[in-house]
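Q: We have chain A; now place chains B, C and D onto it with these hints.
Chains as they are written, first to last, in numbering that gives the first Met the number 0: chain A, 0 to 508; chain B, 0 to 508; chain C, 0 to 171; chain D, 0 to 171.
Certain hints may be false.
If you want a taste of the chain C side facing chain A, the calculated C-beta under 7 Å gives, among others [as the list claims (entries may be wrong)]:
{"id": "1", "residue": "H41"}
{"id": "2", "residue": "L49"}
{"id": "3", "residue": "E54"}
{"id": "4", "residue": "S56"}
{"id": "5", "residue": "N166"}
To be clear about the criterion: a stretch of chain D counts as covered by chain A if any three or more of its residues have a C-beta under 8 Å from a C-beta of chain A, and this derived list gives those stretches [claimed, not checked]:
{"id": "6", "region": "27-39"}
{"id": "7", "region": "60-69"}
Taking lysine-lysine and the DSBU-like style, the derived pairs with C-alpha atoms no more than 30 Å apart in a straight line are [stated by the list, open to error]:
{"id": "8", "chain 1": "D", "residue 1": "K47", "chain 2": "A", "residue 2": "K39"}
{"id": "9", "chain 1": "C", "residue 1": "K23", "chain 2": "A", "residue 2": "K67"}
{"id": "10", "chain 1": "C", "residue 1": "K37", "chain 2": "C", "residue 2": "K75"}
{"id": "11", "chain 1": "A", "residue 1": "K39", "chain 2": "C", "residue 2": "K75"}
{"id": "12", "chain 1": "D", "residue 1": "K75", "chain 2": "A", "residue 2": "K239"}
{"id": "13", "chain 1": "B", "residue 1": "K203", "chain 2": "B", "residue 2": "K239"}
{"id": "14", "chain 1": "B", "residue 1": "K39", "chain 2": "D", "residue 2": "K23"}
{"id": "15", "chain 1": "C", "residue 1": "K47", "chain 2": "B", "residue 2": "K475"}
{"id": "16", "chain 1": "A", "residue 1": "K5", "chain 2": "C", "residue 2": "K37"}
{"id": "17", "chain 1": "C", "residue 1": "K47", "chain 2": "A", "residue 2": "K39"}
{"id": "18", "chain 1": "B", "residue 1": "K356", "chain 2": "A", "residue 2": "K356"}
Hints were generated in silico from the structure; no laboratory data involved.
C-beta atoms are modelled at their ideal positions from N, C-alpha and C, and glycine is treated no differently.
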Amino acid sequence: MPKRIKKILVANRGEIAIRVIRGCRDAGIVSVAVYSEIDKTAYHVRLADEAYFIGQAPARESYLNQQKIIEVAKEAGADAIHPGYGFLAENDQFAALCEKNRIIFIGPKSETIALLGDKLEARKVALKAGLPVIPGTDFDNKDLSQVEETAKQIGYPVLVKAAAGGGGKGMRIVREPERLRESVESAIREAGSAFGDGRVYFEKYLENPRHVEIQIFADSHGHAVYLGERECSIQRRHQKVIEESPSPIMTPELREKMGTAAVNLARASGYLGAGTVEFLVDKNRSFYFLEVNTRLQVEHPVTEMVTGLDLVREQINVAEGHSLSFRQEDIQPRGHAVECRIYAENPHQDFLPSTGKLTEYREPSGPGVRVDSGVVQGSEISIYYDPIIAKLVVWGTDREEAIARAQRALTEYRISGVHTTIGFACSILRSGGFRAGEYSTGYVEEEFPDRNFECPQSDQAQKAAFAAAIFDFLEKEKVSLTMKRRGEKAGGWVQYYRNQNLSRLSKMR
Amino acid sequence: MPKRIKKILVANRGEIAIRVIRGCRDAGIVSVAVYSEIDKTAYHVRLADEAYFIGQAPARESYLNQQKIIEVAKEAGADAIHPGYGFLAENDQFAALCEKNRIIFIGPKSETIALLGDKLEARKVALKAGLPVIPGTDFDNKDLSQVEETAKQIGYPVLVKAAAGGGGKGMRIVREPERLRESVESAIREAGSAFGDGRVYFEKYLENPRHVEIQIFADSHGHAVYLGERECSIQRRHQKVIEESPSPIMTPELREKMGTAAVNLARASGYLGAGTVEFLVDKNRSFYFLEVNTRLQVEHPVTEMVTGLDLVREQINVAEGHSLSFRQEDIQPRGHAVECRIYAENPHQDFLPSTGKLTEYREPSGPGVRVDSGVVQGSEISIYYDPIIAKLVVWGTDREEAIARAQRALTEYRISGVHTTIGFACSILRSGGFRAGEYSTGYVEEEFPDRNFECPQSDQAQKAAFAAAIFDFLEKEKVSLTMKRRGEKAGGWVQYYRNQNLSRLSKMR
Amino acid sequence: MANSENRYLVTVDDVEFDLAVTPKGSSFEVEYNGARYKVEAHRLSDRKYLFKIDESSSEVDLSRNGGGYNIYLEGKDMIARVEPYHLAELRKKASKALSGATEKIVRVPMPGLVLSIAVKPGDKVKKGMTLAVIEAMKMENLIRAAADGTVKEIFAAPGKAVEKNENLLEIE
Amino acid sequence: MANSENRYLVTVDDVEFDLAVTPKGSSFEVEYNGARYKVEAHRLSDRKYLFKIDESSSEVDLSRNGGGYNIYLEGKDMIARVEPYHLAELRKKASKALSGATEKIVRVPMPGLVLSIAVKPGDKVKKGMTLAVIEAMKMENLIRAAADGTVKEIFAAPGKAVEKNENLLEIE
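So here's chain A without its partners, still in its complex pose (with noise of 0.2 Å):
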């Protein structure tokens, strides 16, 4: 029986609160924020109709106490709580506390969440709906005796990974027989003490991939679609940061077929909603199932703005318990989308990220252009949460407007006070393996092992030598008049100064 939701708490912050926020009001829907200490004021708490405060700054003890979101909701009396991505979005345990709350959690059932966030599970369950996996298998953590033997028949190089990995914990790379033993004890023992799971498995090891994923969606009443892939193969630090759609390598035969394969795997799982089911694509186009994420994605935006689909409007419309409003015959993507996410980060000392206030902040704009932000000028970085900035996310008819657009946007866009990946994403974009589309996980990396990521003007450096000598010249101008009228009152100088060298860097209008 469909459910009117009338109001909906935003259980995340920056970008992606903002989000869900605007997707709420254009579906007429009253947002709840929530914020901690050090985000009063952040821009989402600014958009939302209404926000409540939960806590300190360290995201336990406010976005992910799910005890006190729980309460909000029911004070703000929401109907729903959209999890954004992050924090708790994946928590099986937070799905199921708001269903005996009796509060809609947007996103799959708590049981779906946590058949799918266990990895070992996921592959059981894809394998049994006729996915192809990566040639592997799992073992019993007591006995090793047999796990050289199991390697050999999966062939080197093999991966260690935790079943309830994430965050490359608990995952190895194994090259030689020799190394194997100590390998998987040590992912044992760091699953274990990371997630309290010390389950770990073997994956054949694929060297550079690509990393290819189909966004799926299923409504309560046996409906399943998939909308397209997205190529996120540009990564640093095994983090996605450039992502498109279409893929590169798609072919409409190879399309339908992971479509219709991430399909079954939503089918076998009795999924609900938004959900990415990743592959890991080979050179001779091989897909390969890696894992399940059961929520919104970072670069949902990239699949909009070829669908032309409002992917948290239809998340609050199944949530709702309606039919989804397309079928799979509907999807007719339209030109070419690339997302470049913006972080605070110093790409020349290993992407470290950068904190501080936002002293200046704007955006691109114009033909083709979206920016999914979360902060406006004055806002901080803090330390206490993910460095990312905003999403630059732009359309074009084909892939060579979309990005020649995408770079034309990174150069627009104008921030001080923090380091950002604007650099490094322009140097991606017209560094020739992207252009081509032959990249693949390890691209970055291989590319640019100096890592010298600039925007493309060339000469910055000679710029800023006339900016910087014009300016010594005039401050030097200054220290001459000091000591010409020494025996004037002090700040004489100051005033001559302003008044006639100053001129020279004319006012402004």
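A: This is chains B, C and D only, laid out in the frame that chain A set:
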């Protein structure tokens, strides 16, 4: 023989100059800006690859200075000039001057501009091409004896229009026969002094029609297509302020009829490039040719949003001598687009232009939102030019979603320093007639006789009262402290005030 | 109203708001129309504040303009004037009295301390002219002439503590 | 270079630019690498300028950082250091000399006026320590020790006009 354009001089300023510069950059073409004295730090100057000074602030000394602009184009080595809209965009002499100097004028040929710029001639071409025109006639200005007879045949009310017309000059609505002769005579005088061309003609005056226009495109190889319509009936001071596509009254049959008529006119006039054929549509959905705008229209992004085409890029393509990149059957509009023009005007004072510095300027963004603006924070709105600040263009899968998103985006907009039409746009978008799609060119005056335009928040006054009371409370504490500390040295209380009380206005995070 | 000392009449454009403001820790409680609101004020930049009224936030541009404030909030420009409620009452009574029989005796609108008397007997005063300054409610309150006239007698002196409704001076 | 007085060595990150700056009315002419550029500088806000080099404009964030400048321009953060060309030459020569035989006599790098002598005979000096201040090229130029040593003799005095290459003092 197609010629590759490598460098374009943009003979304009503000949002349209920026739009064209972005189009150039997306196409890999070098852009050259021109600027007047007060525009020396304007955003179009910063964004262009090159910028040249062309004269003082008054347009006739800079943006209308044909000779100077041609000189700059030669100095800069520009292959082509894009005139934008306004200024020299529909000046056939300037187009001819470009031709003479072997610079490509991005627009129709000078003789086409001259032909269609004369409304009486355009009317004749339209009649010949089989377009329905408003019943009317021209007449010999020197013999007014038959004027009354002619008007009687057409039927009152009649509209007297100047052949060289524009901006409502030389235009008169005549409702009674006894006022006809004096109206015609004064229209002739006015047209003569405004345009140096006293020719006037009659048309039947349509009461509150809808203004619907067809975007056309023609190349030099005999291809001509229409890109659907734009509904532009929301006007103030007889100028468009909100446009949408498709028109709420459009049917596929009517679109095809109007589109075909527009294309016929394009063929009959030897049209080249982008143009707009304006029609009036009456209550019975009968349409009548009004005039042709031989240039890019302010509201062109509405068409771009639904067709996915980049009209500036297509203009360049056609100007290079290429065939159109699409055929009529390729045009498959998707979804719905709405444009709200954001003017620096005071809607409560009869839309009087408002000048000043944009002390804050923050644009909306997110799904479906595009902003074409001519300013950044710190820009100055002067008395010299059109007071347009930006165009907010919003796309949605259907009209309802587009309107909802436009409303959301309007509430996100932050402009301080000048009055704007944002509240006005909010009022229109939520008014019953607009939502129902039932409005004509008289809508604004009929629906808002008291000009009570507001953004949807109902309790701004209450919020302002709270804010003022609290601010005042703190200020008064300050005064009280002053008096209690009379013996202390001046400035003491200020310090105290800052330390103790403003801390209640707690510091920004 | 719980606390009449903190009671204000705020006029926004032409609409009057009768409200009370009470500081509560780092925020405020505003009482208006029978309801209590929790209000937080955060400074964003020079003249820009984030006012949070209960759960709803608004960016507010706020700057002094003569005796009032220019306020820009959610797309709307407004002018606000804040008066202690007692003074506003007095002002209204005065203007009402003016339209009927003119009130001759100017009384003290609230308990306080006379800071200064700006006139002396025999002075001609114009409507709106400051007659005296009284410190009360932690602020200087200007007592203004409600109508034109001539000062006849003065009953108070600077430094004197005065009670509410005590005679201040007489105008004829 | 037309005008050696306005000649600078600007070091941006690790790249050196040898250029000359000449004011021309409200703008500047910069000579670099054999070409002349017209440069306009407009202030946009506090630390932000629009520099127009010939026909190309750049928004530049520019602020002092110790003896140099922090510059942010077209997505790139840079540190720039500006030295009068003669001083830069001296500095280079000094460091070159240091690596070979130590130059004992400190000479005047450009014509100017001795403003002060910071040391006296017998003082021990460390590399980088200021020895004297000379006014030249409209600025105060600090003459620093190129290496550790002891002051042996001083040849100049405050107030004295000095020629280029004149002996200033001797260090041993």
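Q: Compare the structure with each hint and give your call.
A: Verification of the supplied hints:
1. A least Cβ separation of about 5 Å between C:H41 and chain A falls short of the 7 Å threshold, and the interface hint therefore holds.
2. Contact between C:L49 and chain A, as hinted, is supported at the beta carbon level, the nearest pair being about 5 Å apart and thus within 7 Å.
3. Hint status for C:E54 relative to chain A: holds, with the closest Cβ pair at about 4 Å, below 7 Å.
4. Evaluation of the C:S56 hint against chain A yields a held restraint, the C-beta minimum of about 5 Å falling below 7 Å.
5. Here the hint on C:N166 is broken, as its CB sits about 50 Å from the closest CB of chain A, past 7 Å.
6. Under a criterion of three residues with beta carbons nearer than 8 Å to beta carbons of chain A, the stated coverage of the region 27-39 of chain D is upheld, 6 such residues being counted.
7. Proximity of the region 60-69 of chain D to chain A, defined as three or more residues with a beta carbon under 8 Å from a beta carbon of that chain, is established by the 4 residues found.
8. For the given pair, D:K47 sits about 29 Å from A:K39 by alpha-carbon distance, which is consistent with the 30 Å threshold.
9. For the hint linking C:K23 to A:K67, the alpha-carbon distance of about 23 Å falls within 30 Å, and the restraint holds.
10. A threshold of 30 Å between alpha carbons decides the hint, and for C:K37 with C:K75 the separation of about 23 Å falls inside it, so the pair holds.
11. Straight-line distance between C-alpha atoms of A:K39 and C:K75 comes to about 24 Å, which keeps the hinted pair within the 30 Å bound.
12. Annotation: proposed proximity of D:K75 to A:K239 holds, straight-line Cα distance about 23 Å (limit 30 Å).
13. For the given pair, B:K203 sits about 22 Å from B:K239 by alpha-carbon distance, which is consistent with the 30 Å threshold.
14. At most 30 Å may separate the alpha-carbon atoms for a hinted pair to count; B:K39 and D:K23 meet this at roughly 18 Å.
15. The hinted pair formed by C:K47 and B:K475 meets the criterion: a straight-line CA distance of about 19 Å does not exceed 30 Å.
16. Between A:K5 and C:K37 the alpha-carbon distance is near 24 Å, which keeps this suggested pair within the 30 Å criterion.
17. Taking the CA atoms of C:K47 and A:K39, the gap is near 15 Å; set against the 30 Å cutoff, the hint holds.
18. A C-alpha spacing of about 24 Å is found between B:K356 and A:K356, which places the hinted pair at or below 30 Å, so the restraint holds.
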